[in-house]
Amino acid sequence: MLFNSLSFFAFFPVFCALYFLTRGRVRLWCILLASYFFYSWWDVRLLPILLAMTWVNYFLGQKIRAAVSDSGRRRVLTAGVCLNLGVLGTFKYLGFLAGAALAVLHAAGLSVPEYALRIILPVGISFYIFEMISYLAEIYRGHMEPSRDLLKFSIFVAFFPRLVAGPILRPQEFLPQLDGLRNPRAASVAEGLEMVFWGFFKKLAIADVVAGFVDPVFNNPFAYSPNTLRVAAIFYSVQIYCDFSGYSGIAIGIGRMLGFDLGRNFDKPYFSTSFSEFWTRWHISLSSWLRDYLYIPLGGNRGSKFATWRNLMLTMLLGGLWHGASWTFVAWGGLHGLFLVAQRLAGKPMERLAAAARLPGRLRSLAAGVCVFSLVTLAWIPFRSSDFASAWHIFRLVTGGSAWSLADVPNKFQVLRDFGLIAALFAFEYLDLRISFPRIFEARPGLRPMAGAAVLLAISLFGVFGSHAFIYFQF
Amino acid sequence: MHSSTSSSRDAGRGGGPRLVLYVAIGALLFIAADRLFAAALWSQVLRSGFRYSVLYREPVNADIVVLGNSRGMSLVDWPYLERQTHLKTFNLSFNGLPPRLARTLFLDYLDRNRTPSVLLLEMTTVFGAEALTGEMKLYAQASPRLATLIAEEYPQLGWGMKLSKLYAFNGEMAMRSLYYRNRNDHDWLVDGRVSEELLRYTEQRPVPRWEAPDARNLDEVAEIIRVARERGIRVVPVIAPYLPAFVRKSPNFGEIVAGLDRRFGIPMLDYSLAISDTALFADRYHLNRAGSKAFTERLVADGVLVSNPPPK
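Line by line, the protein sequences are chains X and C. Our numbering applies: residue 660 is where the first sequence begins, and numbers increase by one. Our numbering applies: residue 154 is where the second sequence begins, and numbers increase by one.
Hints may be right or wrong, so weigh each one.
Claimed, not checked - One-sided excerpt, in silico: chain C residues whose CB lies under 8 Å from chain X:
no. : residue
1   : L172
2   : S317
3   : L319
4   : E349
5   : L352
Source of the hints: derived by calculation from the structure; they are not laboratory data. On a predicted model such as this, the values are computed, not experimentally measured, just so you know. C-beta: ideal position from N, C-alpha, C; glycine also.
Chain X with its partners taken away, still in its complex shape (with noise of 0.2 Å):
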C-alpha cells in the first residue's frame, strides 16, 4: 500500500478511529494488525518471512542475554548477523552473484547452461533485517535488555509507517515508547500533519513531476542530447532527494500523529558543504547504522590512514550493495567512498588554497556546496542508469566540453517549471536553515492553517497523482 493511493487515504482514517478508540494492549495489538495488513497488502506471500525473521530474532535476543559467558553471547550474536544477512543474501543477492558467477565461467571459456534465479524480492527486507542486527547487536553491547514482550518486539518489526522504506529504527530508542503508550498532544499531531504535507509536496509535486522528464531520458540515453542529460542528471538528483525525504516525511509525520518518535532521517542534505557532511545529513538512520555497525567495528579511523581509507571505501561499497544486486550500485557507493577519501586527501591543501586566496567565507561555502552538489549528481548517474554502458555514455555525455544550453532540450515548459519548483524548494529550505519554520510556527500557531493550506494549493497545482512507488521500495 503506498502512501500516495487511495487504498492508504481509505485505510489511514479507519486505522486512526481504532487507534484513538482504544487503550493498553488493544492498541497494540491494533497497531501490529494493521501493520501486517498495510504490508500483506502487497503480497500477502511475504508476511510468512517478516514474521519468522520477528520470532526468530525475539528469541535470538533472549538467547544473548542468557549466554553465561562472553563467548557465548559473542557465538549467539555471530549465528543471528549470519542468519539475517543469509536471508538478506539469499532474497537479494542470490540471482546477482548466480549470473556472475556464470559471466566468470563464460568468460574463462567454460560450458555452463544459462539460466536465471528469479527470486520474490519482499518490500523492505533490507530495513527490517538491519534493524534486527542492530536490535542483536545493542543486546550484546549490553546497551539494552531484551524485549520481553513479543508484542511489543513484533511492532518494532512491522510498525507500518516506516516498514518498507525507514527510517531505520535503533529498538533501544522505539520499542520504549510502546510502554505506556498514550494520547499523542494535540502539538504533536499538528507537527505530524505539517510533515505528512511536506512530504506529499516533495513527493508529487517536486519527485513524480521531474520524474516525467527523467525516466524517458534514463530509459533511453542514446536518444537524448548532452544537455538534456545533464538536466536529466540533475533532475534526478533532486528527484531521489525529494522522492525518499518525502516518503521519510510522510512516515515520521504519521509516527509523530500517532505520538511516535522515529527520529530523522533527512536534514537538507543537498546543502552541505563537505561529503562528511552530506553523508549526515542524507539517509541519517542507514549512514549512522553503517557507521555504528560496520565502519566503527571496522576500525573506522582509529587505525592509519591507509586503514581508514579501507574502511571509508568498504563501509561505502557495502551501503551501495546494501541498496539492490547490481553493480551500478557497488560503483555508485564506490564513488562516494572515492569522494570521501579524496576529501581527506585535498581537503586540508584546499582550505589553505581558500584562505591564501582569501576567498570570503561565504563564497568558500558556496563553492564547496556547488562541488558536493556536482560530484553526488555524477555519482547519481550509476545509480538511476540500467547498465555500465548507458551509465559511461551518459557521465562522458554530460561531463564533455558541449556547450551548456537548453536549445535542444525537450519539453522546455516542463523543463522551467521543474527548474522553478526545485529553485522554490531550495529557497524554501535555505530560509528554513536560516529562521527556522517550526520555531516560528511555535511562536505563531495561527500561521500553521495558512502553510497548510498553501501546501495543499501547491499540490493541486503542480502535483501528479498517479500513485507512483516511491523509488526506495525497491531496496
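Model the placement of chain C on the given structure of chain X, informed by the hints.
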C-alpha cells in the same frame, strides 16, 4: 531523536479543540483560495492566443485545419502556409494528441466554426496514447464533449477537479496558455538540429519493428475522416517526413503504411522520405523550423493544398 517528542507523548490532551479549529480554518482557506485563484487563472487562459484557448473563445473560420500529434505540429510552417496559399489555417495538433481527443477537438471545432475546405491529417496520430487527454482538463469547463471524454477516460480526474478547481490548471496546457497570453502560438515549431550523436546512433543501431496501431485508435481516425467527408471537407491524409535513415532501416514501415491505405480506403500521402537533408530535422521524428518551412513549400508545390488567388 526529536527533542519535542518526549513531551509530545505525555498524557496532556489540551489543544485538541484548537487543533480542530486550525484544521477547519486551513480547509476553509484552501477552498476559498482555490476558487479565487482558479477564477483568476481561467480569465487569463481565455484571453490567451494559445490554440485551444482560441478554439474555445471565438470562431476562427479557417480554410485549412491541421490535425495530428507532435508531427502534426511540425508538419507545416503555419504563417508561411497562410502567406503562400492565402488560406486561413488553424492547427489543432498537439504533442502526443491521441485520436479520440483529436476527434473531440475536431468536432468542437466544427461546432464553433464555418466548415473548412481541407483537413490536413497527419496519420501517425494513430499511434497516440491517451496520456494527453487528462491534460485537457483545463478546457473541460468550456466543452461538455471534452468533459465527457475526460470523465470516461479518467474518472478519478473528475473527483480531483471537484475537490480543487485549481487542479484543472495543473499541467502543460495551463502553462502554454499563460505563456501565449499576449500573442498567438502560430510560430511554435521545433528549434534545433538533430545531433551528430543521434545521427550516428540511428545509422549504427537497428530500428525496432513498428507495432500495429491500436484498433480503437484506427476507429477514431476513421470517424474523423467520415465526419469530415460528410461535411464536404477534403481530407488529406499525410505521413510527415522522418529522419531518412530511421525509415530506411525500419523493417516494416512500408507494411504499416499499406495497412493504413487499406484500413481507410484512401491512399496515404507518404512523405516519410520526402526530406533527405538531415539538417532539416530536430530529431528522428520531427522536422525543425527550417524543415517545416521546406515541407510546407513541398506540399504547396505538389498542389496538395489548393491555394486561393492573392487578395486584391
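Results for each hint:
With 8 Å as the threshold, the beta carbon of C:L172 comes within range of chain X, its nearest partner Cβ sitting at about 4 Å, so the hint holds. A hinted interface residue such as C:S317 counts as satisfied when its beta carbon comes closer than 8 Å to some beta carbon of chain X; here the least separation is about 4 Å, so the hint holds. Evaluation of the C:L319 hint against chain X yields a held restraint, the C-beta minimum of about 4 Å falling below 8 Å. Here the hint on C:E349 is broken, as its CB sits about 10 Å from the closest CB of chain X, past 8 Å.
With its C-beta approaching chain X no nearer than about 12 Å, C:L352 sits outside the 8 Å limit, and its interface hint is violated.
Against the hints set out earlier in the document, violations occur for numbers 4, 5.
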